[in-house]
Amino acid sequence: MADLTSLTRMCSLPYREQELSPTRDSRQGEGDAVDRYAFTAEAGHCYRVYAVGDGDVTDIDIQVIGPDGRPIVADTTHLGHAVVPSLAPLCVRRDGSYVVEAAVARGSGRYVVQVWKRSSDVQALPSSLHAP
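Just so you know, we're using the working numbering here: the sequence shown kicks off at 10 and counts up by one.
Worth flagging that the hints you see were computed from the coordinates, not collected in a lab.
Where a beta carbon is used, it is the ideal one built from N, C-alpha and C, also for glycine.
A couple of the hints might just be wrong.
[What the hints assert, rightly or not] Pairwise CB distance ranges (calculated):
hint, residue 1, residue 2, range
1, E39, D104, 32 to 38 Å
2, E39, R103, 19 to 25 Å
3, G38, G105, 16 to 22 Å
4, D12, A83, 29 to 35 Å
5, T85, D44, 17 to 23 Å
6, S95, T32, 28 to 34 Å
7, D34, A83, 17 to 23 Å
Produce the entire structure from the sequences given, and follow the hints as far as they go.
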């Protein structure tokens, strides 16, 4: 989806992020079951999730779940796209399997979601969000 490319290009550049996961493409509507996508994260590395819905998806909710099953960070906007976390990458303190949950809160249609990782040659910024 072209909008995902534009969003990641604009938001990932300051943090030197690169694609970690393949682009996941799905269809969903309000009230449908949440889609879940797992990714492996390494302690000391930082991640961000990008999602974009088509024109009929007016609110997509994204949440990241930690290895212990507890939510770490979630989208708080009511838009057809999401960047999670929004202000700075999520820097994790332990290795493990993390899960991205995607839900269309308003509308119905196609969406794409992708996990990005900050390049390893960049040190964690003080503004980065840290997970347990």
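Status of each hint after checking the structure:
1. E39 with D104: 32 to 38 Å: Holds, at about 35 Å.
2. E39 with R103: 19 to 25 Å: 35 Å, violated
3. G38 with G105: 16 to 22 Å: 31 Å, violated
4. D12 with A83: 29 to 35 Å: Distance hint for D12, A83 is violated at roughly 21 Å.
5. T85 with D44: 17 to 23 Å: 19 Å, holds
6. S95 with T32: 28 to 34 Å: With a Cβ separation near 20 Å, S95 and T32 fall outside 28 to 34 Å, so the hint is violated.
7. D34 with A83: 17 to 23 Å: 21 Å, holds
Of the hints listed earlier, those the structure fails to meet are numbers 2, 3, 4 and 6, in rising order.
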